[in-house]
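J.: Quick mapping for you: the protein sequence lines, in order, are chains A and B.
Going by the numbering used here, 82 is the number at position 82 of the first sequence; the sequence numbering is gapless.
Going by the numbering used here, 64 is the number at position 64 of the second sequence; the sequence numbering is gapless.
You can trust all of the hints, since none of them are fake.
Subject to a maximum C-alpha distance of 25 Å in a straight line, what follows is the list of computed SDA-like cross-link-like pairs (lysine to any residue):
1. A:K104 <-> B:T112
2. A:K57 <-> A:N24
3. A:K71 <-> B:N101
4. A:K104 <-> B:F104
5. A:K1 <-> A:A68
6. A:K71 <-> A:T20
7. B:K62 <-> B:R22
8. A:K104 <-> B:F65
9. A:K104 <-> B:D56
10. B:K11 <-> B:R85
11. A:K1 <-> A:T95
12. A:K104 <-> A:Q72
13. B:K62 <-> B:T76
14. A:K1 <-> B:M40
15. A:K104 <-> B:P61
16. B:K62 <-> A:Q3
17. B:K62 <-> B:L114
18. A:K71 <-> A:T51
19. A:K1 <-> B:L55
20. A:K104 <-> B:G42
21. B:K11 <-> B:G42
22. B:K11 <-> A:R42
23. B:K11 <-> A:Q38
Residues from chain B shown here face chain A by an in silico Cβ test under 7 Å; the list is partial:
24. E102
25. G106
26. G108
The hints are simulated quantities; they were obtained by calculation from the structure and are not laboratory data.
All figures in this text were calculated on a predicted structure; none of them were measured in a lab.
For every residue, glycine included, the Cβ atom is placed at its ideal position computed from N, Cα and C.
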Amino acid sequence: KNQVEQSPQSLIILEGKNCTLQCNYTVSPFSNLRWYKQDTGRGPVSLTIMTFSENTKSNGRYTATLDADTKQSSLHITASQLSDSASYICVVSETAGTALIFGKGTTLSVSS
Amino acid sequence: DARVTQTPRHKVTEMGQEVTMRCQPILGHNTVFWYRQTMMQGLELLAYFRNRAPLDDSGMPKDRFSAEMPDATLATLKIQPSEPRDSAVYFCASVSGSSYNEQFFGPGTRLTVL
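Model the full structure from these sequences, guided by the hints.
T.: See below:
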């Protein structure tokens, strides 16, 4: 069964610190992997999209990595800010390019 | 700037009532998705359309849910009759061209069925 597992479920860090969120998937065949940021009360916003051949992609202080062999991805946040407090959702797409399998997200709280 | 809009933003209704949620995709986007988000299940794909044609609605309870795209600027999701377990946030998202492209999500409709 196609699944996307994220860890940790929640995370609290101090402002200015770095953190890494994990995503493991069993989706096959694989098309691409996306990380979304969802602020409370809003829709998800795309941070990165990576295909099979891409190992890393950055978007400002966000860096996503992908290991298609082990079916793992991570999202690294550098020098966290209070505005980084949100839910981060990992989403994997099958080769057909239509069905999206969502992780349940990691809730990040950045405190001052 | 271009964005997906959804109405209503909040809806409280009683069990058994009909609920209609509307979505206006970004102009020019030809693929529209409906999602449901709950604390327990996270985001789930309900249905999606490409060029107004329904391509997949396997995630949708067929007996009470229906989704349509009357025209390229409007997508609707209807629940009849509604049940308390339908309480969730319903998101619409649109994308242009290839599904590799970024999906743009609307702000969601928070539905509460009493």
